[in-house]
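With chain A's structure known, arrange chains B and C on it following the hints.
Chains as they are written, first to last, in this note's numbering: chain A, 1 to 235; chain B, 1 to 282; chain C, 1 to 271.
It is worth saying that the hints were derived from the structure and are not from the lab.
Hints may contain errors.
Said to hold, decoys possible - Going by beta-carbon spacing under 7 Å, a handful of chain A positions derived as facing chain C:
#1 A14
#2 S57
#3 R59
#4 I103
#5 L117
Said to hold, decoys possible - Here are the in silico distance ranges between beta carbons for each label pair:
#6 G163/B x R88/C: 21 to 27 Å
#7 G163/B x D70/C: 34 to 40 Å
#8 N46/C x P216/B: 49 to 55 Å
Cβ atoms here follow ideal geometry from the backbone N, Cα and C, with glycine treated the same way.
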Amino acid sequence: MLNVESLTKTFQLALHRNITVTALGNVSFSVEQGTCLNISGPSGGGKSSLLKCIYRSYRPTTGRIWYQSREYGRIDLAGLSEREILRLRRQEVRMVSQFLHVIPRVPAIDVVAEPLLLLGESSSEARAQASEWLERLGIPSHLWDAYPQTFSGGEKQRINLARALITSPRLLLLDEPTSALDARSAGVVMEILSDLKDRGTTMLSIFHDNRLATQLKDSQLNLTRPEKREEMKPI
Amino acid sequence: MTSPYNFAYLDEGSKREIRRAILKAVAIPGFQVPFGSRELPIARGWGTGGLQLTLSLIGPTDRLKVIDQGHDDSVNAVSIRNLVVATTHIETTDVTDQATIIQSRHRIPDDPLRPGQILILQVPQPEPLRHVEPREAQTRRMHAERDYSAVWLGLYEDIVRFGQITTGADYPAVVHHRYMIKPTPIPRWDLPKLHQAPFLTLLGAGRERKIYAIPPYTDVEPVAFEDYGFETEKFLSACRLCGSREAYLDELWDAKIQERIYQCSDTAYCRKRQTEIGKGDI
Amino acid sequence: MLRVENLGKRYGAGCSRCERDGAADRRCPYCGSVWGCRGIDLEVFNGEILGIVGESGSGKSSLLRCLYFDEMPTQGSARLYPYQQGTRNIFEASSQDRRAIRNRFMGMVYQNPLMGLRMAFSSSGNVAEKLIAANWFHVGSIQKRATNLLDVMEIPLARIHEAPKTFSGGMQQRVQIARALANHPPLLLLDEITSGLDLSVQARVLDLIRKIQREWQIGMIVVSHDLGVIRLLTDRTVVMRDGHIIEQGLTDQILQDPQHAFTQMLVHSLL
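For reference, chain A alone in the conformation it holds in the complex (with noise of 0.2 Å):
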């Protein structure tokens, strides 16, 4: 499903001098279809980085990330052109991220239902299962009609991964999705996600929390702080 093969990404800044960053040193790694890679380390070991180059939040240095995909069969997501990204990212490859950015003063039912309409749903039956996914993730009925904004971390959190369960993605990336979820919260998580995953989707996730890691993952990848961060002359 997903084929990694020495990937890289170095960062070049150039602020006030040029420094270049090395976050990902080299990473191979394959995951199978229906099954959850589990990615570990200490922080600023790339795990976040490794979840944006497949998503190409970040720009791969080098290196190709393979994958399975419906609509265009085999393909390098490193080297994708960015119209067939946006189209992947709508239709199978979600990212649940810790951040939520979303227009101010849009109802959280509306929020989650977005990216089911722009797959073509109708608005009724786009709000219909955005109403039963804040059900079953637990987000009391009278907070649907609420701004997001003002929602608490956990609440964001649970809306962040409403938006990208909606959709039923092929291929999910999880950074950290319960970092502000309580035990009981982060439980419901946990068994949609490993129902999920029985019904084929595949998954990369970050959990700072090793338990719930162990409840969801079927392989693991240790990654450790790359030991290049070499400091470049300015030009």
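Relative to the frame of chain A, chains B and C by itself:
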């Protein structure tokens, strides 16, 4: 007898230049042709455009009729007629049918004109787009691109606001399916007379330095929406003098009997009808 | 749907040197001409929102004005699929054709509502004008569509016969959007539409634009100096500086992994 002036006041070169502009205007129906407007012994804005057309076209055998708002005897009409007569010594007439050239302001005679006659209209503002676009370069571009939506919009706003088109005079029309005109402040009543007319119509604006023309047998179509068509003014009463119901009527207030009264705006037409029905001159 | 190639706009006479030495300077040192934008290559896909970001004076609006024929570019081409299946450069079209393209295939929302609206006419008239320009000649249908559009843009129906000069800035901007959308154009150009609006009105306008894009599947170019607006609205972003494009990519990639030193500076200035 020797006159200090050339025949028809203007020098021959000026007349020739104006006639050239007229030919161009006839060749491109409805198109606004710029011309070098001459100084005349009357002020600009008092019919100099029409007068220059008349002076450049008139010959010793022509017979001229001058009307102002339908009247042959108003001050303006009389002054213009006197000027032409003083410099040409041609004959004038009040009778529409006998004239070869008819110079008019704001009206087309209610008696039908015949082939060969020339109708000359005095125009204050020839540019139909001027009130929506003050820049000449822009209005030229708009004419070139047939960008007339702003004029339509004016009518649309009328309909939406008042339920009907309130533009009385200066109603926009399209000549020969191409150029839009607002044929001077003639009432809507007179607009259909220009459509497929057997006579030549020339319109001159002296202050604005423009001439345009509607050649004989040319389509002149008033601007109209599919669900709000063009309509002429309707009069509920007849002329109090000649009893006509087929002419454009002026509304007057009779202070003696405290009542609204109506009479023909075209005095020559009214007088002719009165003679026909044996009422004689007033 | 829109493909722009090597677009450039020069203000001034130009000379052989500034024709040739493309990338050198904004102002040609030999003849003093200034290039508003230069060497612009970009594409907009169906139903996609493309952001153009940059400082004031970076050539964003110059580019947009060229695309809407408010100015004619000095060089370059643009192909718009609905116009002759994209086989012809729209800048080589006749002036009548350009007018038709403007009226049917594009809508423009200016930063300054004075540019995009006829202040003396009513709001519904402002929308109607676009329809009339596209040969709608039935007052009933024009009125129905204009009312409908203004309603979508949340203009109170009681006020649609009032002139936009009596409206607030946010309402004027929404009337402008209704006017721009009148003929359901496949491409909408938006120039700094939220600057000058207070925050609550801003949010409403952004939500409306998002809704229009979703429901109508219209391609849009959003010009803004506000990275927050760009982040919320756009899928892809072009970064401009000194009249050139210095970077383009997915919006989240531009914000999280900016490549060019200037973009890094811009992103790190985000509040």
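Hint check:
For A14/A, the interface hint holds, the least distance from its beta-carbon to any beta-carbon of chain C being 4 Å, beneath 7 Å. Annotation: S57/A was flagged as interfacial toward chain C, and the flag holds, the nearest CB pair being 5 Å apart, inside 7 Å. This hint holds: R59/A has a C-beta 6 Å from the nearest C-beta of chain C, less than the 7 Å allowed. Look at I103/A: its Cβ gets to within about 5 Å of chain C, closer than 7 Å, so that hint holds up.
Because the smallest distance between the Cβ of L117/A and any Cβ of chain C comes to about 5 Å, under 7 Å, the interface hint for this residue holds. For the pair G163/B and R88/C, the supplied restraint of 21 to 27 Å is violated, since their beta-carbon distance comes to about 45 Å. A hinted range of 34 to 40 Å holds for the C-beta pair G163/B and D70/C, which are about 37 Å apart. Separation of N46/C from P216/B is about 54 Å and conforms to the stated range, judged on CB atoms against 49 to 55 Å.
The structure does not agree with numbered hint 6 stated previously, though it agrees with all others.
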